[in-house]
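**Student:** Protein chains in written order, with the numbering used here: chain A, 1 to 274; chain B, 1 to 306.
Everything labelled a hint here was simulated from the structure, so no lab data went into it.
Some, not all, of what chain A presents toward chain B, calculated at C-beta under 10 Å:
| id | residue |
| --- | --- |
| 1 | A93 |
| 2 | F94 |
| 3 | E98 |
| 4 | L200 |
| 5 | A242 |
| 6 | L267 |
| 7 | L269 |
Residues of chain A clear of chain B, computed beta-carbon distances all greater than 12 Å:
| id | residue |
| --- | --- |
| 8 | D58 |
| 9 | Y59 |
| 10 | L74 |
| 11 | R191 |
| 12 | K218 |
Below, simulated BS3-like cross-link-like pairs (lysine-lysine); rule was C-alpha separation at most 25 Å, straight line:
| id | chain 1 | residue 1 | chain 2 | residue 2 |
| --- | --- | --- | --- | --- |
| 13 | B | K55 | A | K130 |
| 14 | B | K240 | B | K300 |
| 15 | A | K130 | B | K53 |
| 16 | A | K218 | A | K229 |
| 17 | B | K300 | A | K273 |
| 18 | B | K266 | B | K240 |
| 19 | A | K102 | B | K300 |
Just so you know, even glycine gets a beta-carbon here, dropped at the ideal spot from N, CA and C.
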Amino acid sequence: MNATTGRSNPLWTVLAVLYAFAILFPVIWMASMMFKPADVMFARPTVFLFTPTLEHFDYVIELGFVWNLLTSFLLCTISTALVVLIGTPAAYAFARFEMRGKDDLFLFILASRMGPPVCLVIPFYLIFAKIGLIDTFAGLTLAYMTFNLSFYVWVLRSFCRDLPVELEEAAALEGWSRPQIFRRVVFPLLRNGIVATAVLCFIFAWNEFLFAFMLGGKTVQTLPVAIPKLITSQGVRWGEMAVVGIVALVPVLAVVIALQRHIVRGLTLGAVKG
Amino acid sequence: MAAVTDTAMSQPAPRIRKERFWYPYLLIAPTMITLVIVSLIPFLYAIYLSFHKAKYGRVGDFIWFDNYAGLLADERFWSAISTAGIFVAIAVPVEFMLGLAGAMVLNHGVRGRSVLVPLLFIPTMMAPIVVGLLWKIMLAGSWGFISYNVLERFGILGETSIFASPHLALGALIFVDIWQWTPFMMLAFFAGLQALPLGPYRAAAVDGANGAQIFFRLTLPMMSPLLAVIGLLRLIDAFKVFDTVFILTGGGPGIATESPSVLAYKMTFEFWNIGEASALAVLVWIAFFVFCNAFYQIAKKRLNAF
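In isolation and in its complexed conformation, chain A is listed as follows (with noise of 0.2 Å):
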């Protein structure tokens, strides 16, 4: 809180819950558009009341929509998992020690996670063309790497710096081994920030598309890849998009809701404190 932080205006409070419906209003379209019957999809004028219809979910359903979902669900469970096992122990060591070239090592992080996932995306289908990796979920977990295991370090390192290494101190006095340290006294404290870093990891791989889109195929198929499948050639079924749509928006809202504090470290790369 700072000193301009006082008594709430109520003409602030107006414009800015005015601003939150209108950034909303089209993901509240969207999602009206989920029940919406296809004879009035289209209608000018615009259409506000109609009879729900399920028609949109029985086509997606009919459609093994299910197995995107199971797909998506699946390799961003594993993708994340093998993140947090293989970048906890990093990002507690770049918190932590001193190590020579410990910056232009932290830098090479950064830029594997900055660089334009298209510029990865040609080599990554050449050499997985080659060792026969397209369209598995080995080939798109590894490739999910490069975006979320340099940021599950990164972000990951800051939460580690704010522990107080006083308490570990006390405990090497007492003799204690270091990965005894670690699993009793640093993992307990740690615990919430690697569910949030982890969590985040988890949304980045379920909202990706690149990667999921051109190493992927017919048995590894994401729910964001399975959206342009419903441009068809008989006309593009907007009612099933947006259910799919809003489908892939539901774990994301859970995250908005679970962890609002951790996101705005986690997008800055751990610069701002949330």
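Starting from the known structure of chain A, fit chain B onto it as the hints suggest.
**Tutor:** Structure of chain B alone, referenced to chain A:
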């Protein structure tokens, strides 16, 4: 890089007792090995490809800088750079200003922030492909909600769809980017404002400073490293825009909305000119590395964040 390392040493990094020298390296080894495989090797492979004649998946002769020369002589490349330039030059400053203004509003006492804040995160956290879908629905030809109820009513749009006109299509993409990222800028700046120390504001109040003086002499200078870091981050992200362009316009009409990412994609997967696409990827990568380094230096030295 020696100078950089020195600053890292002098910075108050928390340390326990002297550890065996290899211990931290052991901890980072799995991460570094993985990143070498998934990030460094593809990058080196892209460099390799960029120096070879590579079309239709067949890697041919070593041709020095021919791919680069071909790329730089290609008008389409310059068009993509300028499209991205226009996109970034309009979208990022607008997001920045609106974000800062919004953060000030939030900070000046808005009721129900605990409900508003999570809602404002939604556009940013959404899958870009869903963002594209949303705006395809809102701006679709004759029946899109905004096309019909706003654009047509006020005569902004003629006969055609907004995505059929080169200028409007780019404008729409910029608008979508602003829609998606302004709330995030707002919340990030708001988090920064909330973390500012109280002392200077008390002193300013005692000295009888007015609102503008407080903003320009106190808030802005104290916020500047944070503003720079977040601005840079957004700049980097905006420059590599792909998903929303891909679903909304596919780079069209013609090449009017083709960003470097979309061009690299098309060069690879539509023209199969892998050599030149790799050259483009390498150039973009190098440009990004410069920005990336700037982000890191500011964040570390001025914000003491890393």
